[in-house]
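Peer 1: The lines below spell out each chain.
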Amino acid sequence: MGKIRRLVLDTLKPYEPSIIDIASQLSELPGISAVNISIYEIDRRVENAKITIEGEDISYPLVEALIGEMGGAIHSIDEVVAGTKIIEDAATLQD
Amino acid sequence: MRWFEDLRQRIRAYDNLTNIGEIARRYFVMNAFDGVLTIIGVLMGNLTAGVERADIVISTGLATCIAMGVSGLWGAYLTEAAERKRDLTELGRQTLTDLNQSRIGRASRTAVVVVALVDGLAPFLAAVVVLIPFFAAGLFPVITWAYYAGLGMALLTLVGLGLFLGRISRGNLILSGVKTVLAGLVSMLIIFLVGA
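Chains C and D, in that order, give the protein sequences.
Note that the working numbering gives residue 56 to position 56 of the first sequence, counting from 1, and the numbers run on in steps of one.
Note that the working numbering gives residue 124 to position 124 of the second sequence, counting from 1, and the numbers run on in steps of one.
Derived from the structure by calculation, the hints contain no laboratory data.
Keep in mind that this is a model prediction, so the values were computed, not measured.
Glycine included, each C-beta is placed from N, C-alpha and C at the ideal position.
Each hint should be verified, as a subset may be incorrect.
Which residues of chain C face chain D? A few of them, derived with a C-beta cut under 10 angstroms, are [what the hints assert, rightly or not]:
(1) P14
(2) D21
(3) V46
(4) G71
In silico negatives: residues of chain D with every beta carbon more than 10 angstroms from chain C [said to hold, decoys possible]:
(5) A13
(6) G21
(7) N172
(8) L173
Next up, chain C with everything else stripped away, as it sits in the complex:
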């Protein structure tokens, strides 16, 4: 199995726990070296958060369980990078 090195997730979460708590706890999972969370939409009691995770060997089930434990829901997996190094998506003529 190839190792997942980057995950970009679109999530919906309640205001609490805050993204500070979530980022801090995600960064403590094994195989993760950095986490970035940004809020791009705020609703009455919930907010949409884009979560970017990078590491040597990210375990998606662990990430999914932690986000669920914090009351969040993963709406979509927007980007995944796996392998021995991180690559960006290649530019195409359509871009």
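Following the hints, put chain D in place on chain C, whose structure we already have.
Peer 2: Here is chain D on its own, set in the frame of chain C:
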């Protein structure tokens, strides 16, 4: 001491999620206040009725304390559980997840238990404090002194609650204490006039 630190962090996290501290504080003051005023009623009733046996005052007083404690515990548990459940379901509907097994769900259930305990124990303990002089009634030359001591304890408890409220609001402590004591004095006066 690691477990203690873990517990402290968990309590803080649950408090952030459910606001347990603020709600418990509010219930504590409101119900302790209720408890003291109710037991003032019991004492004044016994005094104006001319009850001279300490054991009768203690048994009627303790019965009232127990009823207030059970009422607080039960009532708060049922109402808080219903409100929290509704809130959790609504939040879960918005996040499209079942939050019962999440940290929010656990914090919510903890909040219900904490609030119910505070709601039950606050009036019970506040009222029991007022009855203390009757347990030592033998030390007083006449039972009336125990009544006065009990009512004095009630006023002191009210002052304590007032000071606590004053500290929370960061307002005038003396004024806050006077406001709560006044409630005790007014109820004593009314019962005295009605009893006379």
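Peer 1: Report holds if the minimum CB distance from L173 (chain D) to chain C is greater than 10 angstroms, and violated otherwise.
Peer 2: holds, 33 angstroms
Peer 1: Just to be careful: measuring from the Cβ of V46 (chain C) to every Cβ in chain D, is the smallest value less than 10 angstroms?
Peer 2: Nearest chain D Cβ about 5 angstroms off; hint holds.
Peer 1: Quick one, is the D21 (chain C) hint okay against chain D at 10 angstroms, beta carbons?
Peer 2: Given a least distance of 7 angstroms, the restraint on D21 (chain C) holds.
Peer 1: Should the interface hint for P14 (chain C) be scored as holding, given a Cβ-Cβ cut-off of 10 angstroms against chain D?
Peer 2: holds, 6 angstroms
Peer 1: Grab the minimum C-beta distance from G71 (chain C) to chain D and call the hint holds if it beats 10 angstroms, violated otherwise.
Peer 2: holds, 4 angstroms
Peer 1: Please check whether the beta-carbon of G21 (chain D) is more than 10 angstroms away from every beta-carbon in chain C.
Peer 2: holds, 14 angstroms
Peer 1: Any Cβ of chain C at or closer than 10 angstroms to A13 (chain D), or is the non-interface label fine?
Peer 2: violated, 7 angstroms
Peer 1: Far enough from chain C: is every CB of that chain over 10 angstroms from the CB of N172 (chain D)?
Peer 2: For N172 (chain D), whose nearest Cβ neighbour in chain C is about 34 angstroms away, the distance exceeds 10 angstroms, so it holds.
Of the hints listed earlier, the one the structure fails to meet is number 5.
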